[in-house]
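First to last, the sequence lines map onto chains D and X. Numbering of the first sequence is given in this note's numbering, commencing with residue 1 and proceeding in unit increments. Numbering of the second sequence is given in this note's numbering, commencing with residue 1001 and proceeding in unit increments.
Everything labelled a hint here was simulated from the structure, so no lab data went into it. Source: prediction; values computed, not measured. The C-beta atom is built at its ideal place from N, Cα and C for all residues, glycine as well. Certain hints may be false.
What the hints assert, rightly or not - Looking from chain X toward chain D, a few residues come up when the C-beta cut is under 10 Å (computed): (1) L1066; (2) L1092; (3) T1094; (4) Q1105; (5) S1109; (6) L1111; (7) H1161; (8) E1162; (9) M1296; (10) R1298.
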Amino acid sequence: MLRYLALRLGRAALTIVLVVTFAFVVLRLSGDPAVIIMSPEAPQAAIEAFRHAWGLDQPIWVQYIDYFSAIAHGELGQSFRDGRPAIDLVAERIPATLWLTIPALCLKLLIGIPAGIHAALHRNSLTDRVVMAGAVAGFTVPSFVLGLMLVLLFSVELGWLPSGGQGSWQAGILPVITLGFGGAGILARFTRSAMLEVLGQPYIRTASAKGVPWARVVRGHALPNAAIPTVTIVGFMVGSLIAGAVVVESVFSWPGVGRLLVVAVSNRDLAVVQCILLLVATTMVVSNLIVDLLYGVLDPRLRGGRS
Amino acid sequence: MSASLADRKAASTPPDLVEIRDLVVTFGDQPAVRGLDLTLRRGEALGIVGESGCGKSVTWLAALGLLPPTATVEGSVRLAGQELLGAAPATLDTLRGGRIAIIFQDPTSSLNPVHRVGTQVREALRLHRGMDHRAAAAEALRLFDLVGIPDSRRRVDLYPHELSGGQNQRVMIAMALAGQPDVLIADEPTTALDATIQAQILELLQKVQRETGMALVLISHDLGVVAELCQRVGVMYAGRMVEMAEASQLFAHPLHPYTKGLLAALPDLSGPRRRLVPIQGSVPEPGAMPAGCAFMPRCPDQQRQCTALPALRELAPAHHVACVRAPIMRAAP
Ligand SMILES: Nc1ncnc2c1ncn2[C@@H]1O[C@H](COP(=O)(O)OP(=O)(O)OP(=O)(O)O)[C@@H](O)[C@H]1O
Ligand SMILES: [Mg+2]
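Isolated chain X (complex conformation) (with noise of 0.2 Å):
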């Protein structure tokens, strides 16, 4: 991002939520997320889509510190102004779970299979909000209650075991937003459930995010879903964010070639959901990136400039795009 929009948002608007920049995730000499640079403003939903192995949930478990020691983690994220890379295990075990929450994949394996799952909700509560037994056992049925968990009173006493997917899923959800955080990080919150399950919580997500305000940052393979529920967003490739922009504007007017692989690749957003089908070619190997664009070895478009890494630039208003390419072809009809 160049010195003088920095300049201009700064003066115009309240500082964002999260602000990561050059982030850098490395697992041994493996590069996982590639110099990464994101913002999430306050209350906003933000889709983040790409390839499976781009580094979507690598980002998030880096910022929140929840990567094995395995990983080396550089650069900085910022949760409203506050750096969390290198924070103290004290310091973010008050952000986590209290500002910022995170709910996965597969939630009947992140529940831990010994506890009630009302125990593990009332643990987030006495946690974050100095609640007492009882007062944890209140909020929790409140907050079950307000996920969609039928018959809370029976169900909060039952262990993950006991509860489908979907249910699970509602628990972890209930269990995030017992803190009250400020952002909600939903990594494929639906991947593993059935369709029709699916549908109900991404319903279930819109509507805590609207009713509590807090950000929505959702991870998914699926566009469609991000078409619906996300007011921007961020495509990545190969560990880097390629693409970032207002959802309408995204999908009416794709700059990165990559993106406008991905919507190619799409029947019809009306139409029934699929994965993203990927381009011709596949991802470079962690071990094997190009030295310039990741990308440039699939691109329809590629040219000798691009043996240099694009940085992320402000082409259109509110609209990012890594791509030397990009203004050129903006212009070409």
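Isolated chain D (complex conformation) (with noise of 0.2 Å):
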């Protein structure tokens, strides 16, 4: 147990290196933060003198070697912009982020998983059919789309919620649901799935032969079974709750880390990203140890028994 956990650490640590590694290094070949800062038209000395201050003046593997220790230390930069420690930047934005992007999994969760049980259990009824309709609708109509109809249909034709902005709560649930409906469709689909391949196996028609009534058979010996790939897209969607609402977030103007992000990116505001990034990343991959972890609660084959 002790060194399966090790493991799972030591693979955690090598996805968080890895995710940092990769964004350093597309956003410093894609761009020189100095001249984008500091605009093209911007005297050579000072644009030398910006490159100097923040090191960038470094061979890129030097900066690289500073930038790990200083996250080895605590460190994790400041700002281009203003010079503000980036962990505060990004710290600010995300308890707006959080009251979209939770709200939106409770309703991915209460709306997807019992969805895709009902469509399971009446496989070509016409609920299946409308339910899968809104299924593939959700996953497939992306959701900057799907959240300027909303706008156009509640704010711009019917005037009853806010575009944008995070004046109040009305203004929050335009986003939730933008949010929340792709991820219902893509839960329902895979619990559907999930149930169908369950209600399929041979233990469900011993169920049945012992005389469980259909009830039973569903929620004690279907379910638990279903229940252990849908721990994985729910996971999935946990690990997200940080960074799933960029383009959401930038439909909406919610200023929220999403919003953060795309403006960091396009400013080449190095901290700041592989701040949020290292944020996503670990909350990525502590989901994932979570959901492993729910593995051997849910699945006894898992739990290392003989066998």
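Combine both chains into one complex, guided by the hints.
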């Protein structure tokens, strides 16, 4: 168990290092922050001074090592723009993002899982088709299209809800629906196919054959098995609580982490981008770890007993 | 079966335990069972043999209402006079596992992987014998001992993946016995197991059948096994019963050319067992069944009258055959 945990943690750390390295390389090769921040017309001397101040005149591998040793000391760097610690900039945006993503996650779970179960139990019925059509729409319609459509309908046409900003709780409704709808569709499809797979298993037939009433077969025999694959996708959704709203935050000009990321990338604000990526990678990795532990709880075959 | 025979039976013997009449099962437009007649008497061991795909499993799954909704089932299946086809779900739930139990070919995938084996047996005890948790736990242990699971106290708390295939089949048998059924259907219960374990499981089935007095339906590819365990044997071909008789009678005097072919393909009943070696040719595709006798294309003795569908007739005492040529062939040496 300890070895397993150590292995998992090692892999998790490696994932984070790779993500951060990738971001570092891409951002540094795709444009010079000094030029972007100072504007291309700035005097050469000023640009040089900026580069020197931020260590951008060092060879890239020196910058890379400096960056990592800083992280190792808990130092995530400062924004090129205003010199504030990147971590503060990011941290103050997190609540706004969670205000969208947590209600959206609840929406996904509360709609997606029951809809998927229902569709599987009533395969090819009208409800199954409605649920599946909704699910397909949910994950083929890009969220910015859905978001804009909702804004057109409820803000522009009907005038019921604000189209953006964070002034009131009503402002959150459309972005939450936009986020939740697609996710609910994905989850419904996933749950449905997991349930269908399980319902076709011989042990379900055994349960019926020993006289277990159907409702109990579903609750006691099918659902605990179908939960195992479903946990994967739910874990993925939990892992994207921080970064899953980039597009929607932009559409609704919601001042969350996602919008900060978009702005920071276009400014080549290295420290901020990397701080966000570090945060995103960490949430992903942590939720992955939780999923792994949950597997062990749900599936006795993965508890490492004798075989 | 002729009317006069049915009358005679009703007068002289108690009603049969299971009576299947003209069972037809279709998947889409593919027939799997095409008008099957069968009777099972109380307490007897009945063997069902036939090539793969002839409808042995589907027959009993249909009887218990365990087929997926894609199957259409017609005809009649009576358990001690009570019609099972189209019975209310609540009725079926009390009968299944309570009066009629079934075990399957692959015991490990037939047990729920996320529940302990003891829990799965206790569930049947609670459903059919109204036991509370403590009584069910004690009874489950007794059943585990009965079916020969060693170290039962520890094993009730294991999961199916922690037991061997043979032990899982014993768990399945314990689960089937939990409801004290009148009949146990064993659908190729040993096919997925090692040879030595196969013999043990068959011995166990024979033992529990004798001790409990329940009827046993043993579906098997193995004529040798059937000859050893069963008093009566039914031979199925392409979704129909083609011959049914006392085991001794069937093996000594097979009347249907298909049965004859099966027996001829056996080296020696006392020799090493082997699976059925099919007669030359193959079973017609479900979509391309001949209108008459389905065995005609492979039959060494086909005649013009074989284009009519042969009914299952009693040609010798308790010996039923579905072949229009059978009486003639029997007369010839
Ligand atoms: N769920 C199903 N859907 C469609 N066809 C099926 C289904 N189950 C069985 N069949 C078909 O019904 C026919 C009879 O199948 P069945 O399983 O009863 O054969 P069997 O005699 O038990 O063979 P085996 O010895 O291989 O177990 C086969 O042609 C099979 O393909
Ligand atoms: Mg079968």
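Check your understanding: At a threshold of 10 Å, is the proposed contact between R1298(X) and chain D supported by beta-carbon distances?
Key -> Since the shortest Cβ distance to chain D is 32 Å, the answer is violated.
Check your understanding: With a cut-off of 10 Å, does the beta carbon of L1092(X) approach a beta carbon of chain D closely enough for the hint to hold?
Key -> At about 8 Å, which falls below the 10 Å cut-off, the nearest Cβ of chain D leaves the hint on L1092(X) intact, so it holds.
Review point. Is the hint on E1162(X) kept, meaning its closest Cβ partner in chain D is under 10 Å away?
Key: holds (5 Å)
Point to revise | Proposed interface contact between H1161(X) and chain D, which counts if any beta carbon pair is under 10 Å | key: At 5 Å from the nearest chain D Cβ, H1161(X) passes the 10 Å test, so the hint holds.
Check your understanding: With a cut-off of 10 Å, does the beta carbon of L1066(X) approach a beta carbon of chain D closely enough for the hint to hold?
Key -> Cβ of L1066(X) sits 5 Å from chain D, so the hint holds.
Exercise for review: May I ask you to test the interface hint for Q1105(X) with respect to chain D, counting a Cβ-Cβ separation under 10 Å as satisfied?
Suggested key: Holds. Min distance 9 Å.
Check your understanding: Is the shortest C-beta separation between L1111(X) and chain D less than 10 Å?
Key -> holds (6 Å)
Point to revise | Evaluation of the interface hint that places T1094(X) against chain D, nearest CB under 10 Å | key: holds (6 Å)
Check your understanding: Should the interface hint for M1296(X) be scored as holding, given a Cβ-Cβ cut-off of 10 Å against chain D?
Key -> With a closest approach of 35 Å, the M1296(X) hint is violated.
Practice item. With chain D as the partner, please determine if S1109(X) meets the hint condition of a C-beta pair closer than 10 Å. Key: holds (5 Å)
Of the hints listed earlier, those the structure fails to meet are numbers 9 and 10, in rising order.
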